[in-house]
Each structure stands twice: as structure tokens, then as C-alpha cells.
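Chemist: Please take these sequences and the hints and turn them into a complete structure.
Spelled out from the first residue to the last, the chains are:
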Amino acid sequence: MKRSLLVVCALFSALGANAATIAERSIEYQLSDSGMREHAQIQVEIEESGDLLAWSEYSIFIDDHIELLSASIKVVGADGDTVDSVKKRDLREETSVGFGLHSSTTAMVADLPTLSLGDRIFIDFVRMHEPLFLADWEPILLDTPQKNLSIRISGGGQRFRWQLRRGDGLVEIKETESGVHCWGRDLPRKKPRDGAGDTLSVGPALVWAWGQSADWAGVAERYAELTEDVSRGTDRIRQLVEGETADLDATREKVLALADYARLKVRYEAVEIGVGGWIPTPADEVLDRGWGDCKDKSEFLKTLLEAIGLKAHLVLIHNGRSAMLDPMFPSTLGFNHCILAVETEGFETLPSDPVIDGLLFLDPTFDRGVAEWLSPYIQGQWALVTDAENGRLLKLPVRFSEEGRMMRVQGGIDEEGAFSGAAQVYMTGFRAVGWLRDQDSEAPERIEETTRKYFHHVLPGMTLGNVTWREIEGPVPAFVIEAVISDDRFVRSGRSRRLRFSYLDTLPESRELDDRDEPMVVLPGINLTQWNLVLPEGWCPPTAEPASIGNSIGSIDQTVEVDEAGRVVITRKTTVRRSWIGVESFEHLRELASAENRLSRGSVRIECPEGG
Amino acid sequence: MLNRLVGLCVLVLLVSTLGSAASWPDIPESDRKLVEVPGSPNSAAVVLFREGRVFLSEDSRSSFLEVYTRIKILTQEGVDYGSISISSSDYMRVKNLEGRTHLPGGKIVVLPKDATFKKEYSDYYGSSVVSCALPEVVEGAIVEYRYRTYFDSIFFPRMWYFQAEIPTLVSTVAFEIPHNIAFAPLVYKTLPNVEFKEEFRETVSGGRLTYSAMNLPPVPDEPSRFPFRDLAYRAMLLPTSRRGSDGMKISLFDTWKNTVDVVWGYRDWGYGHFFGDTGSAKKQAKAVASGTASEVAPKVFRWVRDEIDTEPFGNVWVGETSADDVVKDRKGDLTEKALLLHVMLKAVHIDSELVWVNPKNRSRVEQNIPNPEQFSRVIVVAHVNGKQVWLDPTDRTLSFGKLKPSMQGVPCLIVEKKKQEWSVTPHLPAEGSTREAVLDLGIDGDGRVTGAGRLNLTGNHAWLRLEWKDSEAAINEAWTEWVEDSYENFDITEVVVTESIENQLVTVSWKMSQRDDDVIADEVVLFPAEPLSVGSNPYTLAPNQRWTPLQLSFADVDRVVLNLSWPEGWVLDGEPALGKFSNDAGALATSMEINEAERRVSLTRELTISKMEFIGSGPYGNLRDLYIAALENDAEELIVVAE
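Chains as they are written, first to last, in the numbering used here: chain W, 95 to 706; chain X, -11 to 631.
Hints were generated in silico from the structure; no laboratory data involved.
Heads up, the beta-carbon is just placed ideally off N, CA and C, and yes, glycines get one too.
There could be a bad hint or two in this list.
To be verified - Footprint (simulated), chain W over chain X, 3 or more residues, beta carbon under 8 Å:
#1 17 to 30
#2 40 to 46
#3 263 to 277
#4 290 to 303
#5 313 to 323
#6 459 to 472
#7 524 to 534
Modeler: In C-alpha cells form, the structure reads like this:
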């Protein structure tokens, strides 16, 4: 998925994935009005053969806002002798190591090729950070177990604030004057869990902010100040706007036309140029080069809309399922995407438009669907409207009814228990996007392969005949795949007749909720499976268990009916109304997941009642 | 195939007059009007014109390749072709990247200087990627770009690929050949009915040989296809000899003997230099070597494998590095480590030879073309107690005598200064690479299934999973997740993983117990092929739809044994169909033994893929049919119910 990063995550050193033991990890941050001085001391014990490769390089990251002041990496053998020593001058540079075509991130790499089991690595470096936003975070758990952890922050001043996220029970914490000290012993390695997304963002962490405003309005104002000098409103832009809106009367139509221009005529390119990845490129330049990242495209659209007299604001948001902002801790931490909010005063919108608090939200980076459709990866997320006068945090709604899949299987069973018929799977919303992209780029043979594999997955055991696929026009991306299907052993005859049904399962396994303290993130939407069967004469309808369960997360409904034509219709509908499910709602999620699992596992039997 | 030697007769210094930065070629109206490519529907973009000009400098100091490419964007997805990335290194230096976009309305937008970027990712050979984002790329636009790659040799070691992953209307390459160098043209016409032209013209400096191909389809991205390098229409020039200033002919790559000589080099460069400075290497070899030959050889091998950091680059060449440099730095590329191993084995009186080899997932080797660039790797074959032992010291998960699957069963050249000999690397038969899962399960009175499972991996399957994560804890977690994915409704506990690199074995064992919310009081449904069931058939195309030959990593056997017992009052509800199928691709065999009296059943399912290559519609069809049979079989259920 092409997505921009504002490079807002703190640039921490590569601590070696899944390897060794960190005997000591001590980090001191000395805060000031302009930034912070970081002194890190880390001691690593090389214990397994896998560590030799994992730790043969050690990287310290810097960028336009982070300077490496000193570094010393020493390898000491089990006998206490120094085996290797690398100073700052010996580090080699790997440039542009971040995401995308270009980034300002540079890795200063220490090569440690002579490691042996039993060695210890002593790492000591000092970095100076001068970020635009005075906030940062440090993970508590790493991919490596830690014997001793100490994070000490000082010099934060009156506006210093901090938060320990999901670290209770793992570490101790004590406030100091304008600072905090956090420490822990024998910390386990972080274990990734399914449905938690990028665990670096959602793992236990110490976050802090200082020196700047401690409310969302203040954060919004600060961002608006940073971007206020980005030049706007040139003649070229005005001409472009006139050209694109000449034949349109209604303001809403103009807004959407300009949004389409930004989405479709300015391509997305993840190139981090400029000040720390925060400041967008002026609209004129974006127009010249015809590409931009998320903030560039949003700024571009903002400029276009201003040319028709509308007011719009850049919106900072988290795109993806890896993190949910904490509304109780105002800061820029966690934002990795930028969209736009247009003030709707003075023009009419439709009920289906994503309007909240007088603002129409538009994402100019998404090139599928209509402008007013928002990807489920930003639905349900907190969004910071960077209005200098009225900056505020709003939550985007989850529009689950636009997302989903429907599988319809219809056909007949003969006396021998063989099934023949057809199946269609309709996909709407984000689930259709990948198929649509393939349709515009892949050879038909590749699409056919993908379609067949998909049907093998959702209808195991079925033999596939001809398959087809097509886009369905509409405001939300939509796609349908179809197949002729058959199964000689659809009905198993034993003590009773059993039918081999399958369903579109949606929910995570209930096992994922065991001993879990991080949220579960799911795709919202409606998933529906319907079987329409013509049975041989004399066969009784199948005994699928009807069900209806609903709670705060969503619902599952299963019905078994016989229609007027004598067709048996089994329908299961699973609705998920939320994407981010916190621990407090796990009971409800488990209830639905268990119900779905039970309904899927139970055989559908054909047994006539006694006397029937 | 050696085509002809090109004789050159004009003794004039090469002067390049081509590739002026000031002018761009005209774009024909037909390019502007093109909206789709016949025969390639859905194509996101098309290469309208691609031209390469290779200028080979007779003094080997200023050769360069100049590339010009013009692409039409046909769909919205094609705008990604507006981002260009080109590999660069100290040896092949990319410079002067320029580009333009022609919009559908006629406007031309030039790539600004500040829209070119460089990512440096390795110090060892100065490896980097030069990239740019072409401006205003939209559907219907034409993008064009050009650049030069400079290299210090008369040998341009790369193929010119006429085909790409998208259709190509015209691809042409011209070689500006200096007068004092003879070349053998190598042209691989992998498609029939392609309009292909060849032209030679004498020039002031020597000659110009031009190849052009028109209307080429893309190389289809079919599952498990042969490598692109083998499938694409391509050409290169192999220098076979040069004339020295005294007029003497100096052989280059005209025979394998001479090719090896060139690579071997001399005291200051090449293998000769590498083997000239070996004092520390020999000392180190003696320090680790103790015991008999069969004990010493593995120790030396393991030292090179584990104590020298591997830089993941290599071909057959070695520059100015020596054996002692590698020992001192504790770092070497793929070739340097092999040469070091050879030196160290020799130091402890173990005979060995260098072997040039190419992984089959890179491309195939042609024995009658003495082109050293066909090989991307050097390994070692040692003679221990009268047996050949093939050694690759670059991968810590490869044991003594074990090669990666991609290097098994491929032609290789055993290389000595005075002798070269073709051979074939050994490969494991299907039975040598197995995955065997054994499940011992029982149903209790409540209808809950509990028991234990074990998975044994041998041969290439084991190698794929040896140290596949960075720590024992991570390996255990990964295997736990693997088992859990196969048994979604079970709690998996007590996962124990044992690995043996030296024996190339992995064993995973676990306990399993059905979760409460899955227990149905009167029915148990199991899929006997789990955890090794074929989830989908990757070969869904009919044989007459498939274009490319197919290669698998290795032949193998997957075997599952399910032993299930049930309590009194429960019975088997019918029996699953027992799949049986065999053809040239392999075999599927399922068998079942039921003991009603003891209330247990044992079901064995075995899928053998006995070959690695499937060339032609017949063999491909056999593999496809085998997968269809396996897919159908693996959907079968074993059902036990309470009476």
C-alpha cells in the first residue's frame, strides 16, 4: 500500500531484532527549549549463534534533525579483552534508508564482523535532537530481552508531561523535577500478536512532551504556524481551478472535481524532502512536478479550494492499523498521514459525505473510489484539524456499511450427492481495491490465477470451471468474481447426510484474545454468505443452526429458510462496526468470534425428523 | 552459441559522437496515439522505444553504456513507471540521469535536477541506487529518460534484454567496437516470430554492431517460471581477443581455458594475487585443524563459514584482495570466502578445487560459451577420504557437504589454473527432502480432541527452516504460530524445536487440545492432511495457456500420519475418500487402517513431487493434475460422531 510517512516516529537505533540479551540499556534525555540531548549506553550479550549475524552490524540513525555527537562501540571477549572497537569516525554511512524513493534518514553503521559467542558489545553514543515538535517516545520492550532498563528524562520545564503506555507491571516509574525516571528488570522480549499491526507503535512505551502547548488546539496551532509560510494561490493555480470547475455550478461538485484532480492527476510519491518531513511543498511546485506525498497533495488540494473561496485545513491522522492516538496526550506522536478537512459553511453536502463538526474530510492520496470515500484504514482514527484558530481533535466515523464481501453460491444437489452450480463473491470498499489495481495492470492470465486461488480458499474441495471477473461501477470501489463450481462429494453419506459448506469468516480466532493486553484491530464491514440449494426430491432441508447474536462490536445472524420454489436458503451475515477494539471490549469480540467459529465448524446435516 | 568472430580493420581511436545531452529523439505520432497494445490487454504501460549504446574503450578506461528509454503510460496503475531506480556501484557507475514527461496535451516537463536521489546501501562495492521521480506522470503521458553507466573495462558483462515485464515495441542495442578487439556476439532468440534485425557497419574507430527487436510481448510472470534471464530475448558481446600494441593477439574469452586465465589474473590482481598472500590464512588453518582428514576438513570449513562475515556480493572475480586481507578484516564476499576456504584446506593437506556455479533461480549456464558472467558464485569441492564433498562456506545454515537447493543439480565448472572440467553438483532426490507430520490424537468422552504432534524436516526442507529466525525464542514462537495456523481451534502448548545444522534436521513437537468453543459434544471433524495440506493450486492455468517452463526449488515428499482414537459410544461416520494419483510429476497416495474394535484409525497421506523442472505443456499439465488431485484429496474430512 502506497502511503506516506511524515517520519514522525522517533528515530531509534537498530537494537538487533530478536537476538541476544541486552544486559543494560540506559538512556538519558536532557531536554531544553530547542530539543534534547540523548545519551544511550547499551550492553549486549552475544549468546546464540543467530546473534553473530544479527549483531554483526549496529546502526545509529540520524537525519536533518538528529546529529550524532559521539559514538563508541566496543566488543569485549569472554576473557575480558577488547576484540574490536569502532569510533564515530569509523562508522560508514548508508543514506536514504527510510521509506520511499528518498528519505533524509541516514544510518551510521558500525561493522562488527568478529563476534564470537560469549562476547559483549558496549555501545555508547550521544545524539542531539532538534525536532520541530517537542515530543518523543521510547519503547519499553524490544525484540530482545533486557536485564536492566533505565530511562531518565530531565530538564522538561513546567510544561513537561509524560505517559506510560501499557507499561504497568513491567516497569517502575517516578517523577522527578521536570522529568521522570523509568526503570525495570528482567524485561521479556516483545512478542508480536496477530491483529496488532506494527507492534513498534503499539508496544509498551514511555512518551513525553515538553516546552510547547499541552492541548490539541496548541498542537494544531503549532503545526499551522509551521506551514503558514508555504506559498499559495498563484495565477497558475487559479487558472487550473477555473479550468477544472468551469462547467460546474454547485460548490460540492467543484470541491469533488478539485479533489479528483489532486487524487488522480498528482501522483503519489514517497519522497521526503524538506524540513523533517513535516512541511508540505507549495502547490505550485507540486503542480510543476506532478507528484507529491500525502502532505503535499493535501496542501495542493487546500490551495485549489482556497481559489474558489473555501477554507480548508490540513489534518494529521494515523493511517493504518498499527496505532490509535491517545486523545488524553496531545502531541504529534503517532501521526503518519495527512488529509484535508474543508469547512462546509456555505455549501450543501449529502448525508453520505464524511462530514463531522462542519468539516468535510477528503483524502487526496487515494486514487480509487470517489473523493468522498475514505479508506477503512483512517476510518475510526483520531484526526487533528490544524486550524490555527480552532484546532481540534475529531474522530472519523467508521462507515462499515461501505466495506464488505458477499459470497453467493447457488446450485443443485443430485441423488448421488454431487453439487453443481455457480458462485459469486462481491467485494466492496477496500477489499475491492487490490482487484481493481490488478485489472489495470495484470495480464488476464494472472487475474484468472488469483481468482481461482481465491475460490479454492473460500470453497475448498470445489472443482472450478470457467471463472470471470469485473469491476462494478459506483461511488465505492467494488468488484465481483464468479465461477462455475461442482463437487462430486458435496454430500457425505454416513450415518446422516452431511453437506460441505463453507463461509466467509471474518473475525479473528478467539485464541488471539487469550492473555492479550494490546488492542485488536480488525477491518470493519459486512460479510455475507448465502447458499441457495435445490435438493433432490424427498430430501429434507438441512439442519443448520440459526443464530442471532449482537453486541457493541457487531453481530452474527444465521438463518435457514425454504423459499416458495423449495430452495433451501442458508444465510450468514457478520457485521463488524468497529476497527479498533480495546481490551475492555474483548468479551464481546470473543462472544462473536466463538459464535462464528461454532457455526462454521458444525456440520450441516440433512436428516428428516422421525416420521418425516 | 558462438556466431561469428567480428574482425575489425580500422586503427583509429574511438571518438564518441553519440548521446548528446542537448537533444532528445523525436517521438513519432504513432507513439502518441497508442492507447493499448494488441495481445497485451490490461497492460499498464508499454516500452515504446529502448536503446542501448555500448561504447567499449580500447584502453579499458572509459567505456560506457548509454541507455535511452521511452514509455507510454496506458492506465492509472502505470503511473508507477514514472519512478525510475537504477543500480550503481564503484564498478558500474551511473551518471547523468535525465528525464522528461510528455503530457497528452503536448506539454513537455523536464525532470528537475533536485528530483534525482541516491541511496547508498553498501560500502563494500560502493553499491547504491540512483533514482528519480519523473514529473507530471499521468495516464496517457509518455515518459523518457536516459543515463550513462561508466565502467573501466572492454568487457561489458551484462546482457541487453530486449524484453521487459511490460510489452516492448522496439528495443535496440548498438555496440561500438574498437578496432583492436574481437568479439563473439551472443544472441538468444527465445521467441519465435519476432522481427529481429542485425546490422554491422564499419566506423572510423572500428565498427558498430546493432541488434533490434520489434513488438515483443512481456515475459509472463507465471508461477515458478524459469528466471527472467533465461526467458527474455537478449544479446551481449563477448570479447574473445585483443591485439596488443605490438600486434600480438591476446586471448580473452574465446575458450574456457583462456577465460579462466583472465579471471585468474596475475600476482597483482585476481586469483593469483589472492593466493599470493596467504601466511595468516595458512596459520589460521593449522590452528583450527586437529584430527584426521575427515575431522579437519569440517573444522576448517566451519571456521571460514562462521568466523568470516559474509558480504552478500559475488561473481567469479576477485580484485585486489588477498587471502590474508580476508582473514585480517574477518570479512569477505561470496567469492573471497570460497577462495579462502580453498587456501586453508590446502594448508592442511586436503585437496580441493574451486568450482564456478550459478544458482538455477538466477539463470542457466551454457557450457559452450566461455563467458564467466554466467556464473555468480564460487564454491569448493574437497576430496576427503576419496569422496567429493561440495562446500559453500557463505551460509551459516549450510552444513559440511550441503549446498543450497538452488545450487543443487546444476552444471558447474571445476576450475584450476591449468585445467577445467565440467561437472554437475549433487542434488537430493525427493525422499531426501521430506516433511513428515505425525499426529497422535484422541477424543475424550466430552468430544474434545487432545494429543500431540510432531513434524520432522529433512534435507532441503530442513535447510529452509534452520535458524530461520534470529533467536531460539523467536524460532519457537514462529513454529508455534505455524502450528496454530494449521490448527485454528486448538490450544498449542509445549512446543519444542530441535535443530541440527550438521545433520540438516529440524524437529518440532507440540501438545494440542481442542478449545472449549470448538468442542461439539457429539461430533468431531478433522482434516487428515493437516498440517501439510495443499491449500491452493498454484498452477491453475490450463496447459495450453501457460507460456513458460516451470522450475521448483527441489523435489520433495510431504507425509502426514494421523492416528486417532475415540471413546466407547462413538463411531466413524463414513470414510473419507482415499486419494490415489500418479503421473510423471509425482504421486499422491492415501491409505487408512481402521480398527473398530480398538476404536482407532490411522490415516496416511503422502504427496511426492519427484521432479524439479517441467518444460512443455505435457509435464506442466502433469504437475497441475497432481495438484488438482491433492487439493481435492486434502479437502476430505474424517468425521467421528457419538452414536
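Chemist: All hints, please: hold or fail.
Modeler: Structure-based check of each hint:
Under the rule that three or more residues need a Cβ within less than 8 Å of chain W, the assignment of the region 17 to 30 of chain X holds, with 3 such residues. Residue count for the region 40 to 46 of chain X with a Cβ under 8 Å from a Cβ of chain W: 0. That is fewer than the three needed, and the coverage hint is violated. Counting residues of the region 263 to 277 of chain X whose beta carbon lies closer than 8 Å to any beta carbon of chain W gives 0, which falls below the threshold of three, so the coverage claim is violated. Coverage of the region 290 to 303 of chain X by chain W holds. Counting CB-CB distances below 8 Å, 4 residues qualify, and the rule asks for three or more.
Restraint check on the region 313 to 323 of chain X versus chain W: 3 residues with Cβ-Cβ distances below 8 Å, three needed, restraint holds. Under a criterion of three residues with beta carbons nearer than 8 Å to beta carbons of chain W, the stated coverage of the region 459 to 472 of chain X is upheld, 6 such residues being counted. Using a Cβ-Cβ cut-off of 8 Å, 6 residues of the region 524 to 534 of chain X lie near chain W, which meets the minimum of three, so the contact claim holds.
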